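**Student:** One-letter residues, chain by chain:
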Amino acid sequence: MENISTQIAQVAPLEHYIILSALLFSLGVLGVMLRRNVIIMFMSIELMLNACNLLLAAFSAFHSSAAGQVFVFFIMIVAAAEVAVGLAIIVMIYRNIHSIDINELSKLKW
Amino acid sequence: MTQFLFYFLSFVAVAAGLMVITAKNPVHSVLYLIIAFFAIAGHYILLNAQFLAIVHIIVYAGAIMVLFLSVIMLLNLNKDNEPAKSNVLKLAAAVAAGLLLVTFTGTLKGTESIIAAQPYDDQIGYVKALGKVLFNDFLLPFEVSALLLLSAIIGAVVLVKHDLK
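Residue numbers (the working numbering), protein chains in the order written: chain A, 1 to 110; chain V, 1001 to 1165.
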């Protein structure tokens, strides 16, 4: 048991997983702030969700607790539901204003 | 060897993530996002979480990315006609994201000392062990998530349908 414990720490220390996840999350935030295309903003949100998932899985593996991985599973379910509804909303927006530029949506009324 | 694999996968994930937010063509963004997702699936395998790796590939590369691509093709958006933001706004966004990165690493850095006492169990990521946890401790959230998916399907159909009557 002790042998495997040092084995997983040899792959990478938990610190590196934290830095990697923080980097991916910041990239997602940057994408949301930088772009005006709704679909690319949506993809950036997916990137943020995946950064959180990766960190949850890393903590779960280092903590020897399956609960973290179950939560990753639930986050994936919520992400799938979110993509289905969100893309439907984007299609509807495109039908109404014939653009997916987010600045066109600053007036919600028409 | 595995250590090298970790840094290689990390580099691929971050580089692909960078390309997702900088690519001009939305279709290229989707393809780079698929690369990033496969790198993250590799990370799950390195973490001994086989079930998560499989589900991640099926759900993200198989379902979500197909949905993204089909919407881009449906709306005929595979060309760059996106007006650029001003340079001041871009700089402000980069500074804000960098500050967020510093905050996250600073906040989370102290957490690794908490977990030192746990003995490592390499079985938790397997389907058998995870299924037992999922259907014993997390049965109610599991059933509720089925309802969530059903309502998402109905909501998507209702949203895009032209005339419901």
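In short, the hints are calculated from the structure, not lab data.
Note that the coordinates shown come from a computational prediction; the quantities given were computed from them, not determined experimentally.
Worth double-checking, as some hints may not be accurate.
Chain A side only, calculated, beta carbon under 7 Å to chain V, not exhaustive [claimed, not checked]:
1. LEU20
2. LEU56
3. ALA57
4. VAL83
We put the beta carbon where it would ideally sit given N, CA and C, even for glycine.
**Student:** Does each hint hold? Answer for all of them.
**Tutor:** Right, here's what the structure says about each hint:
For LEU20 of chain A, the suggested interface contact is upheld, since its CB lies about 5 Å from the closest CB of chain V, less than 7 Å. With a least beta-carbon distance of about 9 Å to chain V, the hint placing LEU56 of chain A at the interface is violated under the 7 Å criterion. Given hint, ALA57 of chain A at the interface with chain V, holds; its Cβ is 5 Å from that chain's nearest Cβ, closer than 7 Å. At about 5 Å, the closest approach between the beta carbon of VAL83 of chain A and any beta carbon in chain V falls short of 7 Å, and the interface hint on this residue holds.
Hint 2 alone, counting from the list given before, is not met by this structure.
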